[in-house]
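**Q** Below, each chain spelled out in residue letters.
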Amino acid sequence: MWFFILGDLLIFGVYFVAYMIYRGQDSALFLESQQHLSPGIGVINTVVLLTSSWCLALGTEAARRGKTDDAYRLLASTAVIGALFPILKMVEWVPKILAGYTPGENLFFMYYYVMTGLHLCHVLMGLVIIGFMLRSLKVSPSLDIKFIEAGAIYWHMVDLLWLVLFALFYLMR
Amino acid sequence: MLQYLRNPLTAVWFFLTTITILSWWIGRGQGAEYQLSTLITFSVLLMAAVKAFLVIDWFMEVRHAPRWLKRSTYGWLLLLLLLLLTFYLVRF
Numbered sequence: 001m002w003f004f005i006l007g008d009l010l011i012f013g014v015y016f017v018a019y020m021i022y023r024g025q026d027s028a029l030f031l032e033s034q035q036h037l038s039p040g041i042g043v044i045n046t047v048v049l050l051t052s053s054w055c056l057a058l059g060t061e062a063a064r065r066g067k068t069d070d071a072y073r074l075l076a077s078t079a080v081i082g083a084l085f086p087i088l089k090m091v092e093w094v095p096k097i098l099a100g101y102t103p104g105e106n107l108f109f110m111y112y113y114v115m116t117g118l119h120l121c122h123v124l125m126g127l128v129i130i131g132f133m134l135r136s137l138k139v140s141p142s143l144d145i146k147f148i149e150a151g152a153i154y155w156h157m158v159d160l161l162w163l164v165l166f167a168l169f170y171l172m173r
Numbered sequence: 001m002l003q004y005l006r007n008p009l010t011a012v013w014f015f016l017t018t019i020t021i022l023s024w025w026i027g028r029g030q031g032a033e034y035q036l037s038t039l040i041t042f043s044v045l046l047m048a049a050v051k052a053f054l055v056i057d058w059f060m061e062v063r064h065a066p067r068w069l070k071r072s073t074y075g076w077l078l079l080l081l082l083l084l085l086t087f088y089l090v091r092f
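These protein sequences, in sequence, are chains A and B.
Residue 1 is where the first sequence starts when you use our numbering, and the numbers rise one by one after that.
Residue 1 is where the second sequence starts when you use our numbering, and the numbers rise one by one after that.
Don't take every hint at face value.
Said to hold, decoys possible - With a straight-line Cα cutoff of 20 Å, these simulated DMTMM-like cross-link-like pairs (lysine to aspartate or glutamate) come out:
| # | chain 1 | residue 1 | chain 2 | residue 2 |
| --- | --- | --- | --- | --- |
| 1 | A | K146 | B | D57 |
| 2 | A | K146 | B | E33 |
| 3 | B | K70 | A | D69 |
| 4 | A | K138 | A | E61 |
| 5 | B | K70 | A | D26 |
Unchecked claim - Now the stretches of chain A that chain B is said to cover, found in silico as 3 or more residues with beta-carbon under 8 Å:
| # | segment |
| --- | --- |
| 6 | 76-88 |
| 7 | 96-105 |
To be verified - Computed from the model, here is a short list of chain A residues facing chain B with C-beta under 8 Å:
| # | residue |
| --- | --- |
| 8 | D70 |
| 9 | Y72 |
| 10 | V91 |
| 11 | A167 |
These aren't lab readings, by the way, just hints derived from the structure by calculation.
Please read all numbers here as calculations on a predicted model, not as lab measurements.
We put the CB at the ideal spot given by N, CA and C, even for glycine.
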């Protein structure tokens with residue numbers, strides 16, 4: 001799992017740096033476009049991912065100690081809180097697209113939709129993995145802690161990437 | 001479940017959430033005040049790097065990981081931060 005995580009971090013890292021280089025070439029356009037985003041939804045989504053990651057980290061510890069009932073409850077909380085992210089993303093995206101701010105609008109919006117879209121795919125995949133982790137806690141006769149740990153690392157990476165995306169797209173000037 | 005609130009991970013989560021709200025407060029603004037700002041950019045990127053470090057260290061448990069993994073993850077974060085700050089200052 002770690003080789004996959006490191007590969008993903010490297011790929012996103014290249015995108016982040018490329019974004020910064022392009023931003024420097026036309027900072028006026030990027031600054032103007034950035035004002036049409038919804039930082040309020042961005043900050044809520046950041047807290048959503050951090051909270052889901054916290055539940056998952058606690059759940060992993062509980063699973064390691066053999067407290068499978070606690071682990072199940074904590075992982076279920078992770079999934080419920082984490083599922084708010086794609087819902088809020090739609091609440092953010094749909095009005096923007098209806099207002100004409102589509103990926104074809106300019107380079108900022110192209111980067112914004114491609115990078116946050118790619119990240120959203122990771123979130124959706126993470127939710128599916130958490131579903132399998134919950135199933136494994138419920139039905140497996142012997143707990144596969146390696147699987148729980150690997151799934152948790154993936155979800156924390158999704159959280160980690162969003163922290164950078166949030167700063168790059170919503171906050172920096 | 002109450003014992004989980006006394007877990008150090010809860011303190012880490014609280015700190016992460018607090019910095020997130022603080023960085024959002026620093027980065028907010030509209031209209032004429034929305035200008036290029038090295039101070040705001042450096043502040044929010046450094047805060048994001050601190051948060052990323054805590055997620056790697058505590059949630060991903062890299063603090064207990066082998067040296068090669070520590071070097072890879074912390075190295076990725078440090079290199080990314082340096083490149084982002086450099087390309088913010090040096091524009092082509």
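**Q** Report the numbers of all earlier hints that the structure fails to satisfy, in ascending order.
**A** Of the numbered hints given earlier, those the structure breaks are 2, 3, 5, 6, 7, 9, 10, listed in rising order.
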